[in-house]
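Next come the chains, spelled out residue by residue.
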Amino acid sequence: MTTMAGDAQQRIDAYLAKLRGQLRGFDDAEVRELVDELRSHIADKLALSEPTTGAANVAAVDAALAALGTAEELASQYVTDNLLARAEVSRSPLQILKSLFRWASLSIAGFCVLFGSLIGYLAGIVFLLCALLKPFHPHTAGLWIIPDGAVDVEISLRLGFGSIPAGREVLGWWIVPLGLVAGFGLVMLTSRCALWCARRYRRPSVLPRG
Amino acid sequence: MKVRGTGDLESADKWEVQLRKGCLELAILAVLWDGKLYGLEILRRLESDSDLIVSEGTVYPLLSRLKALGLVRSEWVESDAGHPRKYYVLTAAGKERAREMASMWARFSSSMSKLLAPLARGK
Chain A
19 MTTMAGDAQQ
29 RIDAYLAKLR
39 GQLRGFDDAE
49 VRELVDELRS
59 HIADKLALSE
69 PTTGAANVAA
79 VDAALAALGT
89 AEELASQYVT
99 DNLLARAEVS
109 RSPLQILKSL
119 FRWASLSIAG
129 FCVLFGSLIG
139 YLAGIVFLLC
149 ALLKPFHPHT
159 AGLWIIPDGA
169 VDVEISLRLG
179 FGSIPAGREV
189 LGWWIVPLGL
199 VAGFGLVMLT
209 SRCALWCARR
219 YRRPSVLPRG
Chain B
2 MKVRGTGDLE
12 SADKWEVQLR
22 KGCLELAILA
32 VLWDGKLYGL
42 EILRRLESDS
52 DLIVSEGTVY
62 PLLSRLKALG
72 LVRSEWVESD
82 AGHPRKYYVL
92 TAAGKERARE
102 MASMWARFSS
112 SMSKLLAPLA
122 RGK
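First to last, the protein sequences are chains A and B. Counting in the numbering used here, the first sequence runs from 19 upward without gaps. Counting in the numbering used here, the second sequence runs from 2 upward without gaps.
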């Protein structure tokens, strides 16, 4: 096995230690495996370069580490890709939101998708709550049309808290099945859209042929 | 003489980058089709066989994602170099996904080629 000068080895260890410290969301075994893989990659890269000693060896290590990007950038890619992969596998709205919050902290596209997804999930949850609360608040929960001035009307989805609204209830008990369908539909549609956007816009960097 | 603006060149470059990005997952699954490879070999194969120049810091997180998605699995193998290497191999789901993507790619590529034929003939 090739041995490395102290400085060169220290640089590698420092880089990998920094990376290890930022790999949030992975368990210990996963972190160890990722770090071991990168250590193996660096060793392969150094083996490909001319046999060197001292300062030249340090320069070769620096070049190998620079090709990987900074430890922060690399960790960020690992963490984000990992969160998105877990969201795709689980398809759980909570896991998807967790990934989107992470993505939103990195880019405007991520922020926009998070914003849209929050609205989608919120609308879905309101429909579900309305359907579920209707049996407990039969006179105040549901979809209401409330006059707003002479010609305007306000459409209001109410969860049943507070007084009876001054308007006309539409749908009646139909809000229960329709609310459940609309609520689940919105949650599923939002999840699908969020994952599609993540796959479409959150891609790794590829360089054009120079 | 028509001078091509810097903006045109930039948008052409951006378009090319986007195009290449979209192909990367398929390209990685494709290079693994014939057997197991480790990270550096995957990078080399992508460069030599597909013109895709992927930064080293990109391919490892992507491989980790493909593993989390169950499309590849990995195994450590001792090497003559004196250190173990992590090899990636396609899972059954990865092979299925690669076939689907390759089929979609073939259909898309064929229809685009038909559409672009007049441009290629210079009409």
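Because the hints were derived from the structure by calculation, they are not lab data. From a predicted model like this one, the values you see are computed outputs, not experimental measurements. Backbone N, C-alpha and C define an ideal beta-carbon position, used for all residues, glycine too. Incorrect hints may appear among the rest.
Claimed, not checked - List of simulated lysine to any residue pairs, SDA-like, C-alpha gap at most 20 Å:
id : chain 1 : residue 1 : chain 2 : residue 2
1  : A       : 63        : A       : 43
2  : B       : 37        : A       : 218
3  : B       : 87        : A       : 215
4  : B       : 22        : B       : 98
5  : B       : 37        : A       : 90
6  : A       : 116       : B       : 87
7  : B       : 68        : A       : 110
8  : A       : 63        : B       : 56
9  : B       : 87        : A       : 41
10 : A       : 36        : A       : 81
11 : B       : 68        : A       : 49
12 : A       : 116       : B       : 69
13 : B       : 68        : A       : 65
14 : B       : 22        : A       : 201
15 : B       : 87        : A       : 57
16 : B       : 87        : A       : 66
17 : B       : 87        : A       : 65
18 : B       : 87        : A       : 107
19 : B       : 68        : A       : 218
20 : B       : 68        : B       : 41
21 : A       : 36        : B       : 68
22 : B       : 96        : A       : 107
What the hints assert, rightly or not - Some chain B residues well away from chain A (every beta-carbon gap over 10 Å; in silico):
id : residue
23 : 40
24 : 41
25 : 63
26 : 115
27 : 116
28 : 120
Hints versus structure:
| no. | hint | verdict |
| --- | --- | --- |
| 1 | 63(A) with 43(A) | violated (28 Å) |
| 2 | 37(B) with 218(A) | violated (27 Å) |
| 3 | 87(B) with 215(A) | violated (31 Å) |
| 4 | 22(B) with 98(B) | holds (17 Å) |
| 5 | 37(B) with 90(A) | violated (29 Å) |
| 6 | 116(A) with 87(B) | violated (29 Å) |
| 7 | 68(B) with 110(A) | holds (19 Å) |
| 8 | 63(A) with 56(B) | holds (14 Å) |
| 9 | 87(B) with 41(A) | holds (19 Å) |
| 10 | 36(A) with 81(A) | holds (17 Å) |
| 11 | 68(B) with 49(A) | holds (14 Å) |
| 12 | 116(A) with 69(B) | holds (16 Å) |
| 13 | 68(B) with 65(A) | violated (27 Å) |
| 14 | 22(B) with 201(A) | violated (35 Å) |
| 15 | 87(B) with 57(A) | holds (11 Å) |
| 16 | 87(B) with 66(A) | holds (18 Å) |
| 17 | 87(B) with 65(A) | holds (16 Å) |
| 18 | 87(B) with 107(A) | violated (23 Å) |
| 19 | 68(B) with 218(A) | holds (19 Å) |
| 20 | 68(B) with 41(B) | holds (17 Å) |
| 21 | 36(A) with 68(B) | violated (23 Å) |
| 22 | 96(B) with 107(A) | holds (17 Å) |
| 23 | 40 | violated (5 Å) |
| 24 | 41 | violated (5 Å) |
| 25 | 63 | violated (5 Å) |
| 26 | 115 | holds (25 Å) |
| 27 | 116 | holds (22 Å) |
| 28 | 120 | holds (20 Å) |
In this structure, the hints that do not hold are numbers 1, 2, 3, 5, 6, 13, 14, 18, 21, 23, 24, 25, in rising order.
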